[in-house]
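Enquirer: Residue-level listing of the chains:
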Amino acid sequence: MTAHEDERHPLEQLVEEFLERTRRGERPTIDEYAAAYPEHADEIREVFPAMAAVETLKAETSDAFAGLDPESIESLGDFRIIGPIGHGGMGVVYEAEQVTLGRRVALKVLPRQTVRDDFRRQRFEREAQTAAALHHTNIVPIFGTGEVDGHHFYVMQLIRGVGLDRILAALRGDRPPQPHSTTNSMLGDVVSQLHYDELDPSSSATSTSIEPIANEESEGGHSASTKRPAPLGQAAYYRNIARVAHQLADALGYAHSQGTLHRDIKPANLLLDGNGTAWITDFGLAKALEQADLTRSGDVVGTLRYMAPEQLEGDFDARTDIYALGLTLYELACLQPAFGGRDRAKLLAAIAEGRFPRVRKQNPSVPRDLATIIEKACAPEPRDRYRTAHDLVDDLERFLEDRPIRARRISAVEATWRWCRRNRAIAAFALISLFAVFAAAGTGWVFYVQKSGALQAEGERRREAQEAQRLANANLALSLEAFAVLFDEVCGRDPFFATVEQSDDEEFEIVTPTTVSDHDLALLQHILGFYNRFAEQNAENAELSQEIAAAQWRIGDIQHRLGHHDAAETAYLEAIVLLDDSTASSDPDLRLVELHNALGAALVAQARFADAVEALEASIEILDSLPSEQAADPSIRLTRLRTHNTLGLAMGASQSGHERPGMGRRRGPPRDGRRGPPRDFDRRRPPHPRDGGRRGPPMPRGEPRHTPDYLQQHQTALAIAEQLLADSPEEPEYRLAMARTRRYLAQQSRRIQPIGLKAHHLETAITLLRELVAEFPNAAELEYELATTLVSTIRRSRPEPGPLRVDEETRAYLDEASRLFDHLVQTNPSIPEFRSSLAGSFHAIGRAAWDAEDYVAAEAHLRLSVTRWRELAERYPQIPSHAAHWSFATLSLSQLLTRVLDRPEDAVALLEDLIDELERFGESLDPDERRRHNLLAQIYMSLSHSLRALGHHDAADDARRRARELERPR
Amino acid sequence: MTAADDETTKWLARLEDGDEAALEWFFSAMRDKLRRMVHYRLDARLTGRVDEDDVLQEAWLDAVQRIESFRANDATEVFVWLRRIVGQTLVDLHRQHLGAKMRSANQEVRLSHLAPRANSATMSAMLVASLTSPSGAAMRAEANASLIDAIEGMDPVDREILVLRHFEELGNDEVAAVLELTRSTASYRYIKALAKLKAILDSDS
Chain A
1 MTAHEDERHP
11 LEQLVEEFLE
21 RTRRGERPTI
31 DEYAAAYPEH
41 ADEIREVFPA
51 MAAVETLKAE
61 TSDAFAGLDP
71 ESIESLGDFR
81 IIGPIGHGGM
91 GVVYEAEQVT
101 LGRRVALKVL
111 PRQTVRDDFR
121 RQRFEREAQT
131 AAALHHTNIV
141 PIFGTGEVDG
151 HHFYVMQLIR
161 GVGLDRILAA
171 LRGDRPPQPH
181 STTNSMLGDV
191 VSQLHYDELD
201 PSSSATSTSI
211 EPIANEESEG
221 GHSASTKRPA
231 PLGQAAYYRN
241 IARVAHQLAD
251 ALGYAHSQGT
261 LHRDIKPANL
271 LLDGNGTAWI
281 TDFGLAKALE
291 QADLTRSGDV
301 VGTLRYMAPE
311 QLEGDFDART
321 DIYALGLTLY
331 ELACLQPAFG
341 GRDRAKLLAA
351 IAEGRFPRVR
361 KQNPSVPRDL
371 ATIIEKACAP
381 EPRDRYRTAH
391 DLVDDLERFL
401 EDRPIRARRI
411 SAVEATWRWC
421 RRNRAIAAFA
431 LISLFAVFAA
441 AGTGWVFYVQ
451 KSGALQAEGE
461 RRREAQEAQR
471 LANANLALSL
481 EAFAVLFDEV
491 CGRDPFFATV
501 EQSDDEEFEI
511 VTPTTVSDHD
521 LALLQHILGF
531 YNRFAEQNAE
541 NAELSQEIAA
551 AQWRIGDIQH
561 RLGHHDAAET
571 AYLEAIVLLD
581 DSTASSDPDL
591 RLVELHNALG
601 AALVAQARFA
611 DAVEALEASI
621 EILDSLPSEQ
631 AADPSIRLTR
641 LRTHNTLGLA
651 MGASQSGHER
661 PGMGRRRGPP
671 RDGRRGPPRD
681 FDRRRPPHPR
691 DGGRRGPPMP
701 RGEPRHTPDY
711 LQQHQTALAI
721 AEQLLADSPE
731 EPEYRLAMAR
741 TRRYLAQQSR
751 RIQPIGLKAH
761 HLETAITLLR
771 ELVAEFPNAA
781 ELEYELATTL
791 VSTIRRSRPE
801 PGPLRVDEET
811 RAYLDEASRL
821 FDHLVQTNPS
831 IPEFRSSLAG
841 SFHAIGRAAW
851 DAEDYVAAEA
861 HLRLSVTRWR
871 ELAERYPQIP
881 SHAAHWSFAT
891 LSLSQLLTRV
901 LDRPEDAVAL
911 LEDLIDELER
921 FGESLDPDER
931 RRHNLLAQIY
941 MSLSHSLRAL
951 GHHDAADDAR
961 RRARELERPR
Chain B
1001 MTAADDETTK
1011 WLARLEDGDE
1021 AALEWFFSAM
1031 RDKLRRMVHY
1041 RLDARLTGRV
1051 DEDDVLQEAW
1061 LDAVQRIESF
1071 RANDATEVFV
1081 WLRRIVGQTL
1091 VDLHRQHLGA
1101 KMRSANQEVR
1111 LSHLAPRANS
1121 ATMSAMLVAS
1131 LTSPSGAAMR
1141 AEANASLIDA
1151 IEGMDPVDRE
1161 ILVLRHFEEL
1171 GNDEVAAVLE
1181 LTRSTASYRY
1191 IKALAKLKAI
1201 LDSDS
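Same order as they appear, the protein sequences are chains A and B. Note that my numbering gives residue 119 to position 119 of the first sequence, counting from 1, and the numbers run on in steps of one. Take any residue in the second sequence, note its place counting from 1, add 1000, and you have its number in my numbering.
Careful: at least some of the hints might be erroneous.
To be verified - Cβ-Cβ distance ranges computed for the label pairs, FRET-style:
| hint | chain 1 | residue 1 | chain 2 | residue 2 | range |
| --- | --- | --- | --- | --- | --- |
| 1 | B | K1010 | A | R27 | 27 to 37 Å |
| 2 | B | Q1057 | A | D315 | 25 to 35 Å |
| 3 | B | Q1057 | A | R24 | 24 to 34 Å |
| 4 | A | A955 | B | R1035 | 27 to 37 Å |
| 5 | B | T1009 | A | D31 | 51 to 61 Å |
| 6 | A | G340 | B | E1077 | 44 to 54 Å |
| 7 | A | L335 | B | A1199 | 51 to 61 Å |
| 8 | A | R27 | B | A1029 | 19 to 29 Å |
What the hints assert, rightly or not - Beyond 12 Å from chain A on every Cβ pair, some chain B residues (computed):
| hint | residue |
| --- | --- |
| 9 | K1010 |
| 10 | F1026 |
| 11 | L1056 |
| 12 | L1170 |
Said to hold, decoys possible - Over the 10 Å line for every Cβ pair with chain B, so calculated as not near, a few chain A residues:
| hint | residue |
| --- | --- |
| 13 | R8 |
| 14 | Q13 |
| 15 | E16 |
| 16 | E20 |
| 17 | A34 |
| 18 | E55 |
| 19 | T130 |
| 20 | A235 |
| 21 | Q258 |
| 22 | C334 |
| 23 | R358 |
| 24 | E621 |
| 25 | R903 |
It is worth saying that the hints were derived from the structure and are not from the lab. Ideal Cβ positions, reconstructed from N, Cα and C, are used throughout, including at glycine.
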């Protein structure tokens, strides 16, 4: 063997290592490899996903179907298997001879798993009976069910037909999906009849007595088409597919009238035979074969591509079947699925938003009426679809008879509004384009409002002016509402209460600003521009003060989300002033509560905890002044609960010496001398007795406290949560609030409460959240809260670095948290919070493993954490805490390397690299110089330790000196 | 040279002396890999009739008989030799039970049997296994089906490389030895096969 023959592809060696690690139970990531081998990064991103896909395939399939080879069965009881016809939904279909009756039938044999328990078998048999009771020309009749040697099957009439999925593939000119035994020549026949014949099943004899077609493979498959008459042109094709849809819709309508839903309409479950008859198969059986646990979380069956939006949420009715049929017809008309692509997240989003290309955009030759029918059948909102399958049949008939159809084309505006309506509930993916429409329009309308005032002066045009004014106001309202929708979409993820988080190292209070995905960032900046223009141009317009206050509020929210907390503060203050002024009566205004809470969050984010406490106390004050019947309203009690929690967090932080003295305080004068808002909002109300007169300097650090007032806040919140739950024990929001409050209590109680109580809070919270997650398996927020709570079980009780005391249970919690975060990252790749939480959980796991003296796991997880944080820091440089967390993870890792693993040289390399990178970040690391320097000082100190361990005493002294310089206050 | 390598060398020498204990040592070290081979290549008609462990047991007896004639330079050669014996055992079993003719010991792995197309059954199975959301499972099932199509549509050698590396979990050197390719060819073809797979999957979507 020559040296050349021994030379392996460099990438292949990485793949092998990756696979070995995976099989050892590690969780290496593609990103990690791309980062570690930048010279191969492109190839890694090219090749690794395919490798991961095959590996996943193996993992997912090796057990589920072991032991059933569907093509090797020879006979099942009375049935002699002739050969497989194809894989249909949930099983393999065989052609078989029923020996005693001497008839040919189709057998569908189910995978063992689906019927392994009595409950499901009974259910399957019951559904099969129901399906057997359906008698319709276009529904494949079911003869019965059977079981032999653990193989469950049902017996159907044998249809010499081809699935629409294969027909579609052939029409698209794809390679035949699989050379199953339905013959290609038959496929050719069936396909060409769509193009050439006037499909008219009613004219042929009973469609069941077709000559069997030999099971021969004929490559090319279109041999039969030579016998066909000349093409009738495209129009015939569309009429033919309308006829197919007509038959299918009629069958659906019949089944629905019998109280049976299909639940899994998709091309693979629809057959077309050589006579032009369309058949629906597997009626109602999809449902019968669901997992019992699936039923609880919503009846979701069918391939994702053909699922209706409401089906994703577990809703299903007759209109859902209509939708799926509509999508099938869409595909026949356009020869493209309405929802293409394989990216799961994108597909889900597209389905949920109903975002598929208009039919005639995909294929302009589709007759307009047919396109309208299709689009009505698969409207995203069930209420916009045909009410019944019979209505669809009716319209298809009208189309076939060239009569006007009933469905009306929806206008562009209506389409946009439907779209908007849906978007309230759905993640924002492609909002930019809609935004562009409204951005142009919105600004124009605002100007128009102002000009129309001048128009009014001219007598003869008065009426026109009024009309214009009315229109303009309507447009303005429309525009504001559109923006409100967009805004809710992006900002509606309630980042508010997640803003105070403690780092693993208590020397630093890390404020985690809510991070923003790139997509949202661009969108937010556009929306911000709109509101800013709106507020400026209409500042003097007293009639619009409510709208301007709302706009300022939103500006504040956006700025907060973008991490511009001082700008957010200013905007909130403006809004507070406007609302205060306009609230003539002394009625307490709940919006002021929300605004003060938001202001408090913005202040917390600036580490100005004492100011935040004032703002939040203002909220409590307003809430206290509410009349008792209003205060008893559950939603207000929930707001109060949240306010108390945030107040507790702010108080706790302000007293543990993390205050940022004067930083950014009262910075920036009010805009252009115009009536400025009072910069100290609390000037407008009597000062709170406790902190009245407190200005400027924050509370002294370590001030002795006899009453832990921040804990009292959480205890108050706890009491409210208990009351709320006593009234409505099932309400998920209250349960979540309870869990969160308990987590805060545990986190905040580090010095005061006995350990046991802290553990009790956490365990109660974890139990609550596990129940919630089980009940709402798709709610990312709940999963996130659970994982966060699991991680918080490791919160350190001592500030000094070094190992913690963790038990096996905590490590198990951490592993679970890490899996949850990983799942969240995979299901919501665009939400950076999940990525940062995953990185944080790796850090926590690493520390826990260290404590358990599992140093291999400790190093591996700390390295993962470093890699993840580094990625985040590079990707979202506007978020200072990423770099800080990256530093902390690196510090932990270098301590491990130096103190335990005796590899100080590795630690030195890591730390020097980190210092270089952080200097590159400069001010963007953290605008607060003191904190930035403290962080760097810590890194230099660590570097000094590692250098000393290496015996480099001079360099160690230099590093120590540098650290001291940085720490020196200036 | 690591301790593990030392150990291997020691047992290789003993194997050369015809020591059954040495054969046992290698066999049990490679048992998982051999078992995976049986698992993926045993005709499903025989599952239930033939236990996977019985196949290995028969192969073991066979190997003991042939130990005299066997010489190996390294562990990979031992593996290839044992794998071939297991393969022959499989061929014999198929003949005996089914009268079927197997083309070779490397009986083609038919992935399509492992995972039927996307449907509620696969979804359910996967749900239980992976706790993903139902829609996620549907999507996975569909992705799996198209992946299987893609793999089955590949050149036989490429497909075999993928199966050996992923399903039998062999390393590059073992794949090269099993398929009688150079290490370099096996390595480059594997990466090419992955790239092709990626291209097929991309063009599908």
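Enquirer: With reference to the structure, classify each hint as holding or not holding.
Expert: Tested hints:
no., hint, result
1, K1010(B) / R27(A): 27 to 37 Å, "holds, 35 Å"
2, Q1057(B) / D315(A): 25 to 35 Å, "violated, 54 Å"
3, Q1057(B) / R24(A): 24 to 34 Å, "holds, 28 Å"
4, A955(A) / R1035(B): 27 to 37 Å, "violated, 55 Å"
5, T1009(B) / D31(A): 51 to 61 Å, "violated, 39 Å"
6, G340(A) / E1077(B): 44 to 54 Å, "holds, 49 Å"
7, L335(A) / A1199(B): 51 to 61 Å, "violated, 22 Å"
8, R27(A) / A1029(B): 19 to 29 Å, "holds, 26 Å"
9, K1010, "holds, 24 Å"
10, F1026, "holds, 20 Å"
11, L1056, "holds, 17 Å"
12, L1170, "violated, 10 Å"
13, R8, "violated, 4 Å"
14, Q13, "violated, 8 Å"
15, E16, "violated, 6 Å"
16, E20, "violated, 8 Å"
17, A34, "holds, 15 Å"
18, E55, "violated, 6 Å"
19, T130, "holds, 17 Å"
20, A235, "holds, 31 Å"
21, Q258, "holds, 22 Å"
22, C334, "holds, 17 Å"
23, R358, "holds, 21 Å"
24, E621, "holds, 44 Å"
25, R903, "holds, 19 Å"
Violated hints, in rising order: 2, 4, 5, 7, 12, 13, 14, 15, 16 and 18; the structure is consistent with all others.
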